[in-house]
Amino acid sequence: MNDRYIEITNEEIDFKKLYNFCKEDHLGAVNVFFGVTRNVNNAKKVLYLEYESYKNMAEKIISKIIDEMINKWDIYKVAISHRSGRVDIGQISMVLVISSMHRKSSISATDYFIDRLKEIVPIWKKEFYEDGESWLSSTPG
Amino acid sequence: MNDRYIEITNEEIDFKKLYNFCKEDHLGAVNVFFGVTRNVNNAKKVLYLEYESYKNMAEKIISKIIDEMINKWDIYKVAISHRSGRVDIGQISMVLVISSMHRKSSISATDYFIDRLKEIVPIWKKEFYEDGESWLSSTPG
Amino acid sequence: MFEVKIIFFSILREKLNLREIFIECGENTSIHGVIEILMRKINFEDYDLSKCMIAVNEDYVDDNYLIKNGDEIAIIPPVSGGSDFL
Amino acid sequence: MFEVKIIFFSILREKLNLREIFIECGENTSIHGVIEILMRKINFEDYDLSKCMIAVNEDYVDDNYLIKNGDEIAIIPPVSGGSDFL
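Chains as they are written, first to last, in our numbering: chain A, 1 to 141; chain B, 1001 to 1141; chain C, 2001 to 2086; chain D, 3001 to 3086.
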């Protein structure tokens, strides 16, 4: 499928590669969402975090979500990269790029993707604090 | 005001500068919208385009729109760069970066900004075709 | 009487081949009045000025705004920033 | 009778100190049946398995799915990708 690029990676995310994958000369809109590792969560100082994933399944489920998006909106290409392993504070943990003719579709689809990511994509986050660590559970929001 | 960066520029837009302005270690979400020059509009082949702006006023009105956004959503920083002068096909004509704790606010505010941009910011686009040229008027959508 | 500067942009600037002009007007002239003076001075052909917004000193004003000495009046045709991505 | 592999992730993997196990089960065993076998074999302490989703061969299935020889069953605790940005 030439309309999507999906990766779960241990390396720093290469935004430019994702952008270039999605950009086409007949498209006017490219929306990019960056998820960034925060230094605080629930009023606790976070030192770094680790993502664990069920890699093959995560990629497969992300592809299904993209199918859902393409059914709902007139979007053109989607590129998504999500980190696994250790991610330091301020580093990018996820990049989602969606291109479309009209900006409403790529913006709405971005929102939808993240909702679905938090529901069904088998990726888990563990936060490390000065005094311990904990597995997170997606909270509604 | 340290919460916003606004420019109308004749130079290529420096995305990294805008991203770095908005990113903070306590924020989890950065949404970026790229407007890209399309090679076709209304079924006509576009060779390149030119933006004209009432520069000082455009920057002032953009700042007012950002005030509106900050009143409506819990967003943290906003950086916007819009091209003026000639822009070639496939080049970036606008970049809007919004950072927030939660992604819903930066995504909604992105959509809102573009609606308002197309209503009241004094920037005009002229398209150049093989057989002529024409000033555009924002169409609803 | 005083002089105010009026500036034109984009399609109007090109159509009129005019970037700015100065017109004279009296105290208590409204934007509405300025537009009337302008239409007597300049041939706008088929261009419908009523679809333009008016800004004074870089802020939008309505037709009742009373101009003051030194005001910079801009005629703002329908804008089209962002029309690449609708 | 055949063997199926069951894999664990994140909080469960750490709690059980177990990445995967193999269990034996008969023809026509449902996911529901597999979970019952699992709970007899393993002490999940206070962990409430019912909040997990179940995947077979990398697709979510419901409790009535009948497992086949060679199936890879994954126990999926509530996911938390994207919880950085809520």
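Quick caveat, the hints were computed from the structure, so don't treat them as lab data.
Incorrect hints may have been included.
Calculated lysine to aspartate or glutamate pairs in the EDC-like style (CA-CA distance at most 20 angstroms, straight line) [unchecked claim]:
1) D:Lys3015 <-> A:Glu52
2) A:Lys64 <-> D:Glu3020
3) A:Lys55 <-> A:Glu24
4) B:Lys1045 <-> A:Glu24
5) C:Lys2051 <-> B:Glu1011
6) B:Lys1060 <-> C:Asp2071
7) A:Lys55 <-> D:Asp3071
8) B:Lys1126 <-> B:Asp1003
9) B:Lys1044 <-> B:Glu1119
10) B:Lys1055 <-> C:Glu2072
Small disclaimer: the values here were computed from a predicted structure and weren't measured.
Taking the hints in turn, this is what the structure says about them:
Restraint check for Lys3015 of chain D and Glu52 of chain A: the C-alpha separation of about 15 angstroms stays at or below 20 angstroms, so the hint holds. Straight-line distance between C-alpha atoms of Lys64 of chain A and Glu3020 of chain D comes to about 26 angstroms, which puts the hinted pair past the 20 angstroms bound. Simply put, Lys55 of chain A and Glu24 of chain A have alpha-carbon atoms about 29 angstroms apart, too far for the 20 angstroms limit, and the pair is violated. For the given pair, Lys1045 of chain B sits about 15 angstroms from Glu24 of chain A by alpha-carbon distance, which is consistent with the 20 angstroms threshold.
For the suggested pair Lys2051 of chain C and Glu1011 of chain B, the alpha carbons sit about 31 angstroms apart, so the restraint of at most 20 angstroms is broken. Among the hinted pairs, Lys1060 of chain B with Asp2071 of chain C is consistent with the structure: their alpha-carbon atoms are about 17 angstroms apart, no more than 20 angstroms. Proposed proximity of Lys55 of chain A and Asp3071 of chain D is supported: the alpha carbons are some 17 angstroms apart, at most 20 angstroms. A distance of roughly 32 angstroms separates the Cα atoms of Lys1126 of chain B and Asp1003 of chain B; the hinted pair therefore is violated under the 20 angstroms criterion.
Under the criterion of a C-alpha separation no larger than 20 angstroms, the hint pairing Lys1044 of chain B with Glu1119 of chain B is inconsistent with the structure, at around 24 angstroms. Taking the CA atoms of Lys1055 of chain B and Glu2072 of chain C, the gap is near 14 angstroms; set against the 20 angstroms cutoff, the hint holds.
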